[in-house]
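**Q** Sequence:
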Amino acid sequence: MSIQQLVLVTGVTGFVGAHVAVSLLKKGYRVRGTVRSMEKANELVRLNPDLKDKIEFVIVKDIVEPDAFKDAVKNCDYICHVASPFFFDKVDNNKTQLLDPAVKGTLSALEAAMNEPRIKRVVITSSFVAMADFSIDPYTGYNYTEKDWNPVSYEEAVSTKDGFVAYAASKKFSEKAAREFVKEKQTHFDICTVNPIFVFGPPIHPMNSMESLNTSNLIIWNLINGSKVQPDFQQFQVDVRDLANAHILAMTKPQLSNGRLLLSQGSFTTDGICKILREKFPDRKDVISEPTDVPFNEKHYVLDNSYSKSLGLQYYSEEQTYVDTALMLWARAKQLAKAKQLA
Numbered sequence: 001m002s003i004q005q006l007v008l009v010t011g012v013t014g015f016v017g018a019h020v021a022v023s024l025l026k027k028g029y030r031v032r033g034t035v036r037s038m039e040k041a042n043e044l045v046r047l048n049p050d051l052k053d054k055i056e057f058v059i060v061k062d063i064v065e066p067d068a069f070k071d072a073v074k075n076c077d078y079i080c081h082v083a084s085p086f087f088f089d090k091v092d093n094n095k096t097q098l099l100d101p102a103v104k105g106t107l108s109a110l111e112a113a114m115n116e117p118r119i120k121r122v123v124i125t126s127s128f129v130a131m132a133d134f135s136i137d138p139y140t141g142y143n144y145t146e147k148d149w150n151p152v153s154y155e156e157a158v159s160t161k162d163g164f165v166a167y168a169a170s171k172k173f174s175e176k177a178a179r180e181f182v183k184e185k186q187t188h189f190d191i192c193t194v195n196p197i198f199v200f201g202p203p204i205h206p207m208n209s210m211e212s213l214n215t216s217n218l219i220i221w222n223l224i225n226g227s228k229v230q231p232d233f234q235q236f237q238v239d240v241r242d243l244a245n246a247h248i249l250a251m252t253k254p255q256l257s258n259g260r261l262l263l264s265q266g267s268f269t270t271d272g273i274c275k276i277l278r279e280k281f282p283d284r285k286d287v288i289s290e291p292t293d294v295p296f297n298e299k300h301y302v303l304d305n306s307y308s309k310s311l312g313l314q315y316y317s318e319e320q321t322y323v324d325t326a327l328m329l330w331a332r333a334k335q336l337a338k339a340k341q342l343a
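Using the UniProt record's numbering, read the sequence shown as starting at 1 and increasing by one per residue.
To be clear, the hints were calculated from the coordinates, so they are not data collected in a lab.
Be careful, since some hints might not be right.
What the hints assert, rightly or not - Derived SDA-like pairs: lysine to any residue, alpha-carbon spacing no greater than 20 Å straight-line:
(1) Lys176 - Glu155
(2) Lys340 - Ile204
(3) Lys309 - Phe236
(4) Lys147 - Asp133
(5) Lys253 - Lys309
(6) Lys253 - Leu311
(7) Lys176 - Ser306
(8) Lys147 - Ser310
(9) Lys338 - Glu211
(10) Lys104 - Thr145
(11) Lys340 - Asn225
(12) Lys54 - Gly28
(13) Lys161 - Gln97
(14) Lys74 - Val64
(15) Lys26 - Glu56
(16) Lys176 - Gln97
(17) Lys74 - Glu56
(18) Lys70 - Lys26
(19) Lys309 - Gln97
(20) Lys27 - Gln4
(21) Lys120 - Gln5
(22) Lys338 - Leu213
(23) Lys299 - Lys340
(24) Lys74 - Thr96
(25) Lys338 - Ser212
(26) Lys26 - Lys338
(27) Lys147 - Asp304
To be verified - Derived Cβ-Cβ restraints for the label pairs, each shown as a range:
(28) Lys334 - Met114: 45 to 55 Å
(29) Val229 - Arg118: 22 to 32 Å
(30) Glu65 - Asp190: 19 to 29 Å
Even glycine gets a Cβ: it sits at the ideal position worked out from N, Cα and C.
With the sequences and hints as input, model every part of the structure.
**A** Structure, rendered in structure tokens:
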């Protein structure tokens, strides 16, 4: 790998985008990141001093605008397209708030790549929800792989009153649109998607408040912030640092040309998270929810991560993820509280 290779990371000041940039820098790539404002870029560097003068920032105020990435992609060898809307509450119009931004933002990145002959591959951050069938009972023991697709139709996505279903559809249809684009345009580059489930891990990106945490980390935060939330949830997870490293695999592995990569380090229960953190931090038991001994339902669907492992991805242990995440969440909460006092 030439040290001169340049990677464009869209949404570099987001939870995932920031970690993707860090992983790329560690591997010797140069990084250019898109931001909505230089204030966000400066805050990312302030929070992570090691990034000073390491990332070239370019402003892209609206990723769905035509030619949004026209200048940002110049002389790049790869694109990691991470930026995409992630919310599913307070949605009034599924098409304009979720579906269009996800699809148009992805196509905007691909259109820009068409005009940069150096681009070899575009990696798109998709999601497990683009694969999952939420109309069936989750307790059937189904084994999800890279071959699965969410069966939701576009018409259902537009009309549903369920914001989560609409969000999941936005990930599916942006991924489908990307694959159709590459096929129809006969592009000089290929693509690969990475499809993570719940993403835990230390947040290193700018945040306005703890309530603005990504949905997954908010689960852990509510277990360790003294609110004594009852731990009764089970799912599968991936560490954001593993997700970041998976972007590099998706970028460089020949066998992932126009492929997909399903990511999961394993299952979790919120009950299990509480047990581990209470054991690791006995002096903080007063703010960590008490376990309720809710067992993991073995009939829950499974995410097959064998393909990612076969390509060399080494996952963090679940325990390390919880410990690192909790420590950073407590630290960020302290920082934000101090900043609020000084304001």
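**Q** Please flag the earlier hints that this structure goes against, numbers listed from lowest up.
**A** 7, 10, 18, 19, 23, 24, 26, 29
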